[in-house]
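Student: Assemble the whole structure, with the sequences as input and the hints as a guide.
Quick note, the sequences are listed as chains A and E, same order. Residue numbering for the first sequence is 79 to 190, as defined by the numbering used here. Residue numbering for the second sequence is 680 to 796, as defined by the numbering used here.
Hints listed in this document are in silico derivations from the structure and should not be mistaken for laboratory results. We put the CB at the ideal spot given by N, CA and C, even for glycine. A few of these clues could be false.
[To be verified] Covered stretches of chain A, as calculated for chain E (at least 3 residues, CB under 8 Å):
(1) 123-135
(2) 173-179
[Said to hold, decoys possible] Mimicking DSS-like on lysine-lysine, the simulated pairs with C-alpha atoms at most 30 Å apart in a straight line are:
(3) LYS747/E x LYS703/E
(4) LYS703/E x LYS127/A
(5) LYS703/E x LYS177/A
(6) LYS177/A x LYS747/E
(7) LYS177/A x LYS757/E
(8) LYS747/E x LYS757/E
(9) LYS134/A x LYS155/A
(10) LYS747/E x LYS138/A
(11) LYS757/E x LYS703/E
(12) LYS155/A x LYS177/A
(13) LYS134/A x LYS177/A
(14) LYS130/A x LYS155/A
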Amino acid sequence: GNSVTQMEGPVTLSEEAFLTINCTYTATGYPSLFWYVQYPGEGLQLLLKATKADDKGSNKGFEATYRKETTSFHLEKGSVQVSDSAVYFCALRVQGAQKLVFGQGTRLTINP
Amino acid sequence: DAGVIQSPRHEVTEMGQEVTLRCKPISGHNSLFWYRQTMMRGLELLIYFNNNVPIDDSGMPEDRFSAKMPNASFSTLKIQPSEPRDSAVYFCASRRTGTSGRGNEQYFGPGTRLTVT
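Tutor: Here you go:
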């Protein structure tokens, strides 16, 4: 089946630290990969995506590269801010399918 | 664009009562998804519609849950009778299928926080 495994949280960092949140996947087809972010009290927002191997998605200083050989899509940011505090979800959608398959989410807290 | 609209934002009800959650998708989107989010189970897809037709309801927990989409701009999720274990945040999301690029991804509403006492 299709599944997504994320780095266990919560993650707590200081402002300007480097961030990595690991995400690996299992898919029966050729998936598109996504990172969604959920700020407190809000719905999920698409942060970035990649649709084929070696693609790099980027947005708001965050990046993730689609690594087919390691079935991974790790989220990185070089210098985090307090405003990045949120829950981050990795997700996949198999080609031709409607459904997103989400990981369990990783809660990130950035301290000033 | 107003985004996905959900109402109410918060609902507190007593066990045994009927609860109806409402969703208005983004105009022009033809797929609609209902999710439930809890600390224990994370984010679960309950049901999704394509062109107002339910396609996959395998995530609906039991017969107490039902969802309808009478037209392209409105959907409801109903729980009857409600139970304390139904307490969760319920999200609606919509998507325009059949197009490429960023614009065809799922857009989420702000959610309805349901508390059943």
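Student: State for each hint whether it applies.
Tutor: Against the structure, the hints come out as follows:
1. 123-135: Per the Cβ count (3), the hint holds.
2. 173-179: holds (count 3)
3. LYS747/E x LYS703/E: Given pair LYS747/E, LYS703/E holds - Cα atoms ~12 Å apart, limit 30 Å.
4. LYS703/E x LYS127/A: With Cα atoms ~25 Å apart, LYS703/E and LYS127/A stay inside 30 Å; holds.
5. LYS703/E x LYS177/A: holds, 19 Å
6. LYS177/A x LYS747/E: holds, 18 Å
7. LYS177/A x LYS757/E: holds, 21 Å
8. LYS747/E x LYS757/E: This hinted pair holds, its Cα atoms lying about 8 Å apart.
9. LYS134/A x LYS155/A: Status holds; Cα separation ~13 Å.
10. LYS747/E x LYS138/A: Between LYS747/E and LYS138/A the Cα gap is close to 37 Å, so the pair fails against 30 Å, i.e. violated.
11. LYS757/E x LYS703/E: Cα-Cα ~15 Å, so holds.
12. LYS155/A x LYS177/A: Since the Cα atoms of LYS155/A and LYS177/A sit roughly 27 Å apart, the hinted pair holds (cutoff 30 Å).
13. LYS134/A x LYS177/A: Holds. LYS134/A to LYS177/A sits at ~22 Å (cutoff 30 Å).
14. LYS130/A x LYS155/A: Holds, at roughly 21 Å.
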